[in-house]
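> Chain residues, written in single-letter form:
4 protein chains.
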Amino acid sequence: MDDSSEAYLCINDPNGNCSESHAVLEEEEEEEEEKFRRKLKYFFMNPCDKYTARRRKPWKLILQVLKIAVVTIQLVSFGLSNQMVVQFKEENLMTFRHLFLKNFSRSSANTHAVYTQHDVYTHITYTVEQFLMLPSITVGNHEYEKSGEVYTPLSICQQFYHNGSLSPANESFHIDTHVDEECSLIYPRQPFSTLTANPLNFTLHFERLLAVTVKFTLKSINLETVQYHELPDCYVFNIMITFDNKPHSGRIGIELDNDVQINECSDWTVTGASPRDMYIMVLFDVMVILILLLSLLLCTRSVKAGVLLQFEYAAFFSRRHSKRVSFSERMEFISGWYILIIISDVLTITGSLLKIIIQLKAMASYDLCSILLGTGTMFVWIGVLRFMGYLKKYNILIITLRAAFPNVIRFSCCAAMIYLGYCFCGWIVLGPYHTKFRTLNVVSESLFSLINGDDMFSTFKNMQQKSYVVWLFSRLYLYTFVSLFIYMVLSLFITLITDTYDTMKVRER
Amino acid sequence: MDDSSEAYLCINDPNGNCSESHAVLEEEEEEEEEKFRRKLKYFFMNPCDKYTARRRKPWKLILQVLKIAVVTIQLVSFGLSNQMVVQFKEENLMTFRHLFLKNFSRSSANTHAVYTQHDVYTHITYTVEQFLMLPSITVGNHEYEKSGEVYTPLSICQQFYHNGSLSPANESFHIDTHVDEECSLIYPRQPFSTLTANPLNFTLHFERLLAVTVKFTLKSINLETVQYHELPDCYVFNIMITFDNKPHSGRIGIELDNDVQINECSDWTVTGASPRDMYIMVLFDVMVILILLLSLLLCTRSVKAGVLLQFEYAAFFSRRHSKRVSFSERMEFISGWYILIIISDVLTITGSLLKIIIQLKAMASYDLCSILLGTGTMFVWIGVLRFMGYLKKYNILIITLRAAFPNVIRFSCCAAMIYLGYCFCGWIVLGPYHTKFRTLNVVSESLFSLINGDDMFSTFKNMQQKSYVVWLFSRLYLYTFVSLFIYMVLSLFITLITDTYDTMKVRER
Amino acid sequence: MDDSSEAYLCINDPNGNCSESHAVLEEEEEEEEEKFRRKLKYFFMNPCDKYTARRRKPWKLILQVLKIAVVTIQLVSFGLSNQMVVQFKEENLMTFRHLFLKNFSRSSANTHAVYTQHDVYTHITYTVEQFLMLPSITVGNHEYEKSGEVYTPLSICQQFYHNGSLSPANESFHIDTHVDEECSLIYPRQPFSTLTANPLNFTLHFERLLAVTVKFTLKSINLETVQYHELPDCYVFNIMITFDNKPHSGRIGIELDNDVQINECSDWTVTGASPRDMYIMVLFDVMVILILLLSLLLCTRSVKAGVLLQFEYAAFFSRRHSKRVSFSERMEFISGWYILIIISDVLTITGSLLKIIIQLKAMASYDLCSILLGTGTMFVWIGVLRFMGYLKKYNILIITLRAAFPNVIRFSCCAAMIYLGYCFCGWIVLGPYHTKFRTLNVVSESLFSLINGDDMFSTFKNMQQKSYVVWLFSRLYLYTFVSLFIYMVLSLFITLITDTYDTMKVRER
Amino acid sequence: MDDSSEAYLCINDPNGNCSESHAVLEEEEEEEEEKFRRKLKYFFMNPCDKYTARRRKPWKLILQVLKIAVVTIQLVSFGLSNQMVVQFKEENLMTFRHLFLKNFSRSSANTHAVYTQHDVYTHITYTVEQFLMLPSITVGNHEYEKSGEVYTPLSICQQFYHNGSLSPANESFHIDTHVDEECSLIYPRQPFSTLTANPLNFTLHFERLLAVTVKFTLKSINLETVQYHELPDCYVFNIMITFDNKPHSGRIGIELDNDVQINECSDWTVTGASPRDMYIMVLFDVMVILILLLSLLLCTRSVKAGVLLQFEYAAFFSRRHSKRVSFSERMEFISGWYILIIISDVLTITGSLLKIIIQLKAMASYDLCSILLGTGTMFVWIGVLRFMGYLKKYNILIITLRAAFPNVIRFSCCAAMIYLGYCFCGWIVLGPYHTKFRTLNVVSESLFSLINGDDMFSTFKNMQQKSYVVWLFSRLYLYTFVSLFIYMVLSLFITLITDTYDTMKVRER
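Protein chains in written order, with the numbering used here: chain A, 29 to 537; chain B, 29 to 537; chain C, 29 to 537; chain D, 29 to 537.
Hints are computed from structural coordinates only; laboratory data are not their basis.
Keep in mind the model is a prediction, meaning the values are calculated, not measured.
Be aware that one or more of the hints could be misleading.
One copy or two, either will do: identical chains are not told apart, so a pair holds if it fits within one copy or between any two.
What the hints assert, rightly or not - Pairs of lysine to aspartate or glutamate, EDC-like flavour, derived with a Cα cap of 20 Å: (1) Lys274 / Glu171; (2) Lys494 / Glu157; (3) Lys174 / Glu199; (4) Lys489 / Asp147; (5) Lys69 / Glu357; (6) Lys130 / Asp208; (7) Lys130 / Asp147; (8) Lys421 / Asp527; (9) Lys420 / Glu292; (10) Lys421 / Asp530; (11) Lys494 / Asp272; (12) Lys274 / Glu119; (13) Lys243 / Asp287; (14) Lys351 / Glu340; (15) Lys274 / Glu210; (16) Lys174 / Asp527; (17) Lys117 / Glu62; (18) Lys78 / Glu209; (19) Lys494 / Glu118; (20) Lys117 / Glu199; (21) Lys274 / Glu118; (22) Lys69 / Glu59.
For reference, chain A alone in the conformation it holds in the complex (with noise of 0.2 Å):
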C-alpha cells in the first residue's frame, strides 16, 4: 500500500507516537529527519500527486500507456497473421488424413484402427496409390518435393524385433529385444513404375513387428495470403503415417501426422497486388523493441532508487532508534508493479526478437514466441490495475488479493493434502474402470472440473459398472469428494476472502 506507508513508518517508531518523539530531538538533527521525511514521501507519491506537487509531468505513466497500445497491437497482428497459417496447416493435417488414409471420418478420427492381417496389407496399398496418384486427385496444389531432379520417393518401414517365436497356448516365448528395420523406397512418377498388388517388397512378421511407418514428404503453397496483401510462403509437409502394432494386442492403431516447415519461397512474381511489405512489419517490431527497452530502463532506476533509499533509511533509522529495520519493512521499498513491469518488459522483449527472427524465415519456433509475447502482454495489461490503483476505490480488488495471498496460500496447502489423498486413491482404484482416472495428470484435471460443478453425471454415469465392490467405492469416493469440496472448503475458502474484505475495508475507513 504506497500511499498508507509514510503512516506505516510512523506506527513502526519504537517510541510509539510520532509527534512525541520529535520534539526530544535536536533541532538540526529534526531538520534532516523532515527532508528524509519529504524524501520518502516524494519516493511513495504518485504520478498525479507528484503533478500536483512538483508540476513533474508524468512521462514514465505516458511511456506505460504508449507500451500498453503497442504491445496490444503487436500481439493482435501477430494472432492476426498466425491464425491464417494455423488453419492452413489444419486443413492440411485434414486433407492428407482423407487423401490417404482408407475409410478415415472425422469422427473416427482418434481411433482409427485395423484389425486384420489383410486390412493392413490394403491399408497401406491404399496409401501408396493414392500418394502415387496424387498430382491428379487433389484439388490443392500439393507436389512431390524434388532433390536435383528426382522427386522424392516414398518409403516404407517395418521395425520387428530380432528374433522371437511366441507360443501363447503353451504359454512360451523367446524373443530378442533388438529391434530391425526394413525398408523399401517408392519412387513416384517413375518410368517403367509398374504397382504390384502388393508395394512392400517385403512381407510383415505380425508376431514380431512393432510398426510399420510410411514416410513421405509433399510441398505446397499458401495461396489465401495473397488476399491479404501478405505474400504467400512456401510450405514442406513432411508426412507419417504410423501402423502402431507395440502393445500387440491385435489392434494396430493407425495415425498420420505431419512435420510442416514454412520458408520464404525463392522465386516469385505478383501481379495485381502489392504484397505489403513485410519489412515494415519488421520496423514496427523494433520500434515496440525500443519502447520497452525504455521502460526497461526507467523501471530498472526506480527500484535501484528504491533500494538505494532503502539502505538510507535503514541506516538512519537503526542510527535514530538503534533497531533494525524488518525485512518487510524493507521490502516496501521495492515497488511489486516495477517488478511486474520488469519481467513483463523482459519477456516482451524476448518474444519481440523472436518474432523478427520468425518473421524473417530464419526460424520457426511459433510456440515459445507466442508464449513470450502473451505472457508478456498478460502481465502488461494486469499492470493497468497499477494505475487504477491511483484512483480511489478501485483498488479494493488488488488490495484485498494482496491482503489475503498469505492466507490463501497456507489454506491452499491443507486443501492440497487432501486433494492429493484423492488424486492417488482415484487414479489407483478408478484408473481400470474410468478414462477420466487413466494418469494422474486427467484425474486431478477431472476432480478439478468436478468441484466447480462440471461434467459430473457423465463421470457417475461411465463408471464401469464390472465390480460391485469398485462400483460402490466410486459412488463413495465421488459423493464425499463433491460434498466435501464443493460445499465445505470451497465455503471456507470464499469466506476466508470475505473475512479479508471486510478487514481492508474497516482499515481504509
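Using the hints provided, position chains B, C and D relative to the given structure of chain A.
Chains B, C and D alone, transformed into the frame defined by chain A:
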C-alpha cells in the same frame, strides 16, 4: 429512492438540522417555503399516496398496466406467427441440403467437403441432375422461377486467378491476383436438353481456382398456415451452393445457403376455411401504438415537470442558503423510471410500425423489428419493478442493485483488466491448439463459460498435446484462471453485493 | 415456532408486560386464566414433553413412523414392478422402429425423414413387406391381432386437401381446406396375397398431401416376469407410422409411435414356478390405506381441536383485553405439519386405491397413480422433518426456510419480472437463430440452466451467425443475463437466506 | 485442539478459577498436582515443543515423513505397472469386439443388437467363421487354448424354456419355466472341418429362447512390457458372446465380454534386454510393510499411553473434585490423528501383502488391493494435515471442519429427508419418461449433479413429452428441486460453515 428524497433534502440542509433552520426564517418566507415543500412532497409521492392525499385517480398507473398487457399480447402473437415462418424456412433449407448435396448427413452439416478432383465434378453433376429432375422428385411444392414464359436457369460459375503458375516443388510461383469468372447456364425443361456427363462446359483450373458457385432460384408456398387461419405466403428461395477453394489446402468445403423472400401471393382462393383478416391484426398494432404514444406523452410531461421543478428548487435553494445545488441532487428530480419508460416506448413504437410494414409485406426486416419489440418489451417488464417498489420490502432488489452499481462498475473495470490479459494470452498461445481459443471473441466466451463452471473438463481434454511446453502452459493457464476468477474475483464480487445489502438494510430501518 | 408461541402470546399482550397485567386481575379470573394457559401450553407441547409431563404414550408419533415405513415399501414395490413394464414397452418400441422403418438408426431417431417421392413409396412398401413377413422374421413373440378368425389388417391412409392447385412459379394457389382421407387395407396371411410392387392401390397427391399413416396392431406377451415370480401380462401394441407432410417443405418426417394396452392373459398355465399371489399385494395395499385413514382421522381431530381452541382463545382474549386476535395469531393454532400430513394422506390414499384398480387390470392410468403416490411419499418424508424439529438444533433448516419464506417470495416476484423480460426478449429475437430459444417454455428452461452455469459455452457457440446485428445482440443478451443473474440476483438471494439465518440464530439463543 | 487442552482442563475446573483453587490445596498435594499437570502438558505437546523442552528427537515425526514417501512411491509404481495391464486388457477387448461381432462400431458399443431371426443366424455364423480363421487374420499374437494336444473348442449353447406355447393373438400361453440347455462344440483346425452354412447343429426356438451364448478361450502374451524392462505375462482370455433374449421384446442384445487370467509364462528367454528383477520390487514392498508395522506399533503405544493417562486423570480428578470426568473430556486423551494413522497403516499393510501375492502371480484380486492401498495412501496424505497443524494459522481448515462437523451432520440429516422425498417421487413419476430417473441410484446421482449445476438443460430437454400431466409435473419438480436445493439448502450450508469459521476465528484470538 423516491420516498426518502424529502428526508434527503433535509439531510443536505447546510444548517444540519431541518426544524431549527425554519425557526430563523421570516413568516411569509416560511409560508412560501412550506408551500414549496408541499409541492416537492407531492412531486415525490407515489400514486397510492397521491390517491390517499388528493383522491387523484392513478390514471398513469392504469395506463402502464394496460400497456404491459397489450405490448405482451402483441409480442406473443408476433412470436407465434414468426415461429411458423422460421420452421418453414429451416425445413426447406434442410430439404435443399438433402436434395442437392451428395452424401449429405445432418451430423456432417458443418464439415461437408470433398478432397479429390473427381469428387468435385461428380458433386456438381449430381446437383445439376437433381435440379433438372426436381419436379418429379420433390415431395414439397417447389417450382422453378419463371421470368416471363422462360424458367430462370441454374448458373455454374468458377472464379479463378487470371493467370498463374505454381511450382511448389521448385518453391516458385507467378500469380496474377485479378479474379476472372466463367459461367455456364443450364435451363430446366428445355427441349432437346441433353445432360452430358459433365454439365460444365468448362474445365476447372484447380491450381488457380478460388470458388465454384452454383446458383438457382426456387419458389414455394407455405400451405401450413391455412390450418391456423392465416393466409399462405409465397416464398422465393435463392439457393447458392459454394465450393470454397480459397485456402488451396486440398480441401474444398461445400456449403448450401439460401436467401428467402416472402411475398404475398398474387392470386389465391381458399375454400372451406376463412383466413383471419390481417387488417384486424394491423388495427391492434395501431391501437398499441396509440397507447404507447399516450404513455410516452405523459412520461415526457412528467420528466419536463421534474426538470422545471428542479430549476425552481435550485433557485429557491441558492436564494435561501446561498449555495449551489449539487448535480446528484438535481438528478433526484429526474426519475430513472420515466427514462426507462420513454426508451421502451420509443423502441416499441418503432418496432410496431416496422411490424405493420412487415405484415403488409412491404418489407421483411424481421431481425430489426424483433430486436426493437423484444428490447422494448423487456424494458416494459423490468419497469414493473417500479410499481413493486411502491410496496414496502419489495424494492430490496432494486435498491441494492442501484446502490451497488458504482462499486460493481469499478470492480468490473479492474477484473476486466485481468480478464483481458488472460484473453490475449490464451488467444495467442493456445489458439493454434484448441478450437475454443481460435478467435478473440470465442476466447472471451469460453473463459466466461469457464468462470461459470461450464465445459471445463472438455476444455482440458481437447487441448492438443503436440508441444509439451504448450501443454504445460495450458494447464497452468487454466488452473490459475479458474482458481483466480471463480475462487477470488467472484467471491469478492459476491462480498461486494452482500456488503451493499447490509448497508441498505441498516439505512432502511 | 410451536414451542415459542406461549412467549409469543405474551409479547402480544397489549399491556406490554406479562407479569404486571396478571397482578391486576381478580383471583378467580387468575385461576381460570392459569387453567387456560396450561391447556394452551399442553396443546403446543411436543410428544416428548407430553410423555414427560403426563406419561402419555406417543401413539400418533408411532403411527407416523409406521406410516413412513409402509408407504415407502409400497412405493418401492410399485416402482420395481413398473420398471419391468417400462423396459418391455421401450424395447418393443425400439424393435418396431428397427423392423418397420427403413434405414433406421438410433442416432437419427428424432430426425428420420425422406426427401423424395420415390423414397416415400419405397418406405411404405418396405413397411408393408416387413409387416407381412413379420412371423418369420421377428425374434420376439409378436403376432397379428385377431378379430374372430380373421387377422386385423394393416391400413394405409392418406389425408389430403379436397381440392387444390398450386403454382408457386405464378405465385397463385387455389385450395379447398376440407381434408379427405383415402385408405387401403392389407390383410396378412391371406390366400392369394400377392404383394404388388406398390402396396398402395392409390397414388399420393404430394401437392395436396397432408399425411400418410400406416396403422396396425400387434400382440405380445411379456414372458420375463415369470422369472421374477410375477404373472406374464398380455400386451396389445397399436402401432402408427406417420409420414408428416403438413409443412409442405419438401421434407416428410417419419415417426413410429405405439399405444400400449396391458391386459391379463385370458388362458394360461405356468409350470415349474409359482407366480406370486397378486392378492397378497392388494391386501398390503388395503392395509396401507387403513393406516393412512387412521392417520388422517387423528390429524383431522387435532386440527379440529386446534380450531376450537383458537375460538376459545379469541373469546378469552377479547373478553380480557377487549381486543381482537390478529389473523397471524389465530393461524398459530393450526399446525402446518398437520395440513401437510392430511394432504399427503389424501394423496397417498387416492394413489393406493388407483394402484389396486391397476393391479386388478381394470384400468391403466399409471401416470396419475405414480404422481399421487410419488407426491404423497415425498410429503411423508418431508414430514419427517417435524420429528427432527423436536430435537434442539436439528430444526435450523426448517426454521430458517419458514422465516425466509416471505422475503423469498417478495424477492422472487421482483426477480421474476426481469426474468420474464429476458424470456420474452430472447424468444422473439433469438428464437429464429437458436433451437434453445424456439419456444417460450424452452427459453425459460435454457435461461434457468444458464443461471446455474449449465451449457453456457454451447449456447454461445450454437448461435447461428447469419445476421451480424442479431449475433451482436445475442452476445450482449447472454453476457448481461448471466452477469446480472448469477453475480447479482443470485448473490442477493443467498444474502437474504444468510441474513435470515443470522436473525434466527440470535433469536434462538 | 491439542494445544488448547490444558486451558480446557482449567476451564472445566468446578471452582471456575484455576489459580484460586490451587491456593486452597495442601502443599504436598500441590506438588503432586504440579507433577501431574506437567505430565499432562508434556503429553499434549507437539514434537517441536517436545524437542525445545527436552531435546527429544522427533523420531516419530521422521518415521511418518519417511512413511509418506515410501507409501507414495509404492502406490505410483503399482499404478504405473497396472496402467499397462489395463491398457492391454482393454485393447484386446476392443479387438475381440471388432473381430467377432458383425458390423460392430465403437459408437454403438452399448446398443449392439439384432432384430430378425435371419440376423441371429448370420451373426452366429460370422462369429464362428472368424474364430476358425483367427490365426490367419489376427494381427496380434492370439492363439487357441490347448488342453493336451487338442485345441479347446468353441461352444455354442442355447438356453430355452423346457416347454411352452405362446399365442399372443389368443391371449393365452402355456409355459414350463424349467430352463434347458443345448450345446454344440466346434473344434478349430480339425481335419475335415467343413463349415456348413449353419454352424449350429440345432435350430433356435425363438419363442422359448432365453439366450444363446458363444464361448471360447484365447491365449496371448503381453510383449509390450519387454520395452519397460518388465517380464511379459501370459494372458488367458475367456470370451463369451451373449445373445440375450430374456425380455422377449423382439430385440436380441449382443454383448461380448471376457474374463482375463494373468499367469507367469512357463518357459521364456529374453535376449538383448534384462527384465528387471521382480524380487527387488517384492523386497521394497517388504520394507514398506516393516516401516508401516513400526509406525503402527508406535501409534498403538501412544494411544495406549493416552488411555492410561486418561484413567489416571479421571482418578485424580474424581479424588480432588469429587466429580466424574465427562465423556468428551475423556476423548481428548485419544488423538483422532493416531486413530487415522492406525487405520491407514492397517489398510496399507494389508494392501501391500496382497500386492506381494499378486506380484508372485498367486492371486489376481487387483480391485481389493487397489482399494486398500488407495484408501491407505489417501489417509496418509490427509494425515499430513496433522503436521501442518503444528504451524500456527495453517490449521484453520481442520479446526473449522472439526467444529462444523456436528452441525453439518445435523443439517445433512434434515436436508437428506427432503432429498430422499424428491428421489422417491422422481423415480416413481419420471422413471418411465427419462433415463436419468430409471433406477433409485441413478435418480440420486442425477439430482446430486443437478444441485451442482450439471447437465441441467439436457435433463429438461430429454424428458419425453408423451403425457402432458407428467411433462408439467417434471417442470414443477425440476424447477422446485433446483431452486430449493441450490438457492436455499446450499446457501444455508455455506452459512453454517461461514458461521463456524467466524466462531473459530474469535476463539483463536
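> Check each numbered hint from earlier against the structure, then list the numbers of those it violates in ascending order.
When the structure is compared with the hints, numbers 2, 4, 6, 9, 16, 17, 18 turn out to be violated.
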